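Input sequences plus hints: build the corresponding full structure.
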Amino acid sequence: MITLENVNKIYSNGLHVVKDVSLKVNEGDIFGIIGLSGAGKSSLIRLINRLEEPTSGKIFINGEDILSLNKTELLERRKKIGMIFQHFNLLSSRTVEENVAFALEIANWNRKDIGKRVSELLEIVGLSDKAKYYPSQLSGGQKQRVSIARALANNPDILLSDEATSALDPKTTKSILELIKAIQQKFSLTVLMITHQMEVVKEVCNKVAIMSDGKIVEQGGVHHIFADPKTEITKEFISYVHQQTDTTLNYLHHKGKKIIKAKFLGTSSQEPIISKVIKKYGIDINILGGTIDKLSTVNIGHLYLELDGDLDIQTKAIELMRNMDVVVEVVYNGN
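The sequence shown begins at 1 in the numbering used here and counts up one residue at a time.
Calculated from the structure, these hints are not laboratory results. Fair warning: there could be bad hints in the mix.
Dumping the calculated BS3-like pairs for lysine-lysine here, alpha-carbon to alpha-carbon at most 25 Å [as the list claims (entries may be wrong)]:
#1 Lys-171 / Lys-294
#2 Lys-19 / Lys-171
#3 Lys-276 / Lys-235
#4 Lys-174 / Lys-280
#5 Lys-263 / Lys-276
#6 Lys-230 / Lys-255
#7 Lys-294 / Lys-280
#8 Lys-215 / Lys-230
#9 Lys-186 / Lys-174
#10 Lys-294 / Lys-279
The following label-pair restraints were derived from C-beta to C-beta distances [claimed, not checked]:
#11 Thr-291 / Ser-166: 20 to 26 Å
#12 Glu-232 / Ser-12: 29 to 35 Å
#13 Ser-22 / Asn-89: 25 to 31 Å
#14 Lys-279 / Ser-166: 46 to 52 Å
#15 Lys-215 / Tyr-133: 28 to 34 Å
#16 Thr-55 / Lys-186: 36 to 42 Å
#17 Val-328 / Lys-19: 46 to 52 Å
#18 Thr-315 / Lys-171: 42 to 48 Å
#19 Ser-56 / Asp-284: 57 to 63 Å
The structure presented is a predicted model; accordingly, all values stated were derived computationally and were not measured. For glycine and all other residues, C-beta sits at the position ideal for the given N, C-alpha and C.
What follows is the structure in structure tokens.
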């Protein structure tokens, strides 16, 4: 659906914000790109619909090289790429229905069809009763719903979201993410979401790429990234999940007792693995703490366990867990 090959963006002042990025977003994905402020993620998403021009590289949408399109062809292609902005970009002098209608007007819709389409869109985003309101009369979440309705106006097959929830409170963020997920499923959209919020990735994305200093440093399925992050920046993003438990573990190191971090992914999270290990090897296992990451694709269980018994037997118990598809990290080896 969306393919980037060795894309670079260098501004006239020499700032290199996107560095040799290659990325593939498949049809039907809700793909998250996460990074700290200044990582280059917002610049990257603006290259995809050519709001900005790349310095080098290739960008394909549905196999079509969009960098080869002339101005007229690009305007036509953009009708099928909806864009949701962080700060809503609504026209203060227009009502809710007029803001949504504006997207149809500039796309040269027949005037007699615009009213019906606007009504459909406002119903989709749950704002039928706010049609005559002005943006100043709306909450932040309602403004973003207007922005989403406008982005859907021309029946796009791709939806780009640039920090759509970063200006919203947690409760409103959750409702907007639920709306985006429902819309994606209803209309079979491909969604690319730029964010610095790990909660966004957890809630709706099935795939994620992590950006740092203009580069993609890690990418893959969300559940794989959460279960086994490879880079330090990725570990930093998800570390809040275990922060309190990790701090507690600093005081729990006992000689002769290994401490492990066990990650249960998918079906393994439903199996009595600890019970099986205890029965097979006769060791004691003490649960020190744990969490469950409820991702959009699968749940991942994290447990911190203290093993008590012969150290060689403890090592065998760890291997048995790994053979049962548990990701095990030895935090303290008991020596």
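query: If you check the beta carbons of Thr-315 and Lys-171, does the distance land in 42 to 48 Å?
result: Hint holds: Cβ distance 46 Å, inside 42 to 48 Å.
- prompt: Does the structure keep Lys-230 and Lys-255 at a Cα separation of 25 Å or less?
  reply: 29 Å, violated
field: Supplied distance hint 36 to 42 Å, evaluated on CB atoms of Thr-55 and Lys-186
entry: With Cβ atoms ~37 Å apart, the hint holds.
- request: Note whether the CB distance of Lys-215 and Tyr-133 lies within 28 to 34 Å or breaks it.
  value: Violated - the Cβ-Cβ distance for Lys-215 and Tyr-133, about 43 Å, lies outside 28 to 34 Å.
message: Would the hint linking Lys-294 and Lys-279 be met if the CA-CA limit is 25 Å?
response: This hinted pair is violated, its Cα atoms lying about 29 Å apart.
message: Check whether the Cα positions of Lys-186 and Lys-174 lie no farther apart than 25 Å.
response: 18 Å, holds
field: Pair hint outcome, Lys-263 versus Lys-276 [Cα-Cα no greater than 25 Å]
entry: 16 Å, holds
message: Holds or violated: the 20 to 26 Å window for the beta-carbon distance between Thr-291 and Ser-166?
response: Holds, since Thr-291 and Ser-166 (Cβ atoms, about 24 Å apart) stay within the stated range.
query: Ser-22 and Asn-89, beta-carbon distance inside 25 to 31 Å?
result: This hint holds: roughly 30 Å between Cβ atoms.
Ser-166 and Lys-279 - C-beta distance against the hinted 46 to 52 Å: Roughly 49 Å apart at Cβ, these two residues keep to the hinted range, so it holds.
message: Can you confirm whether the C-alpha distance between Lys-294 and Lys-280 stays at or below 25 Å?
response: Distance ~30 Å between Lys-294 and Lys-280 Cα, so the pair is violated.
- request: Using the beta carbons of Ser-56 and Asp-284, state whether their distance is inside 57 to 63 Å or not.
  value: 60 Å, holds
Taken one by one, the earlier hints fail for this structure at numbers 2, 3, 4, 6, 7, 10, 15 and 17, listed in ascending order.
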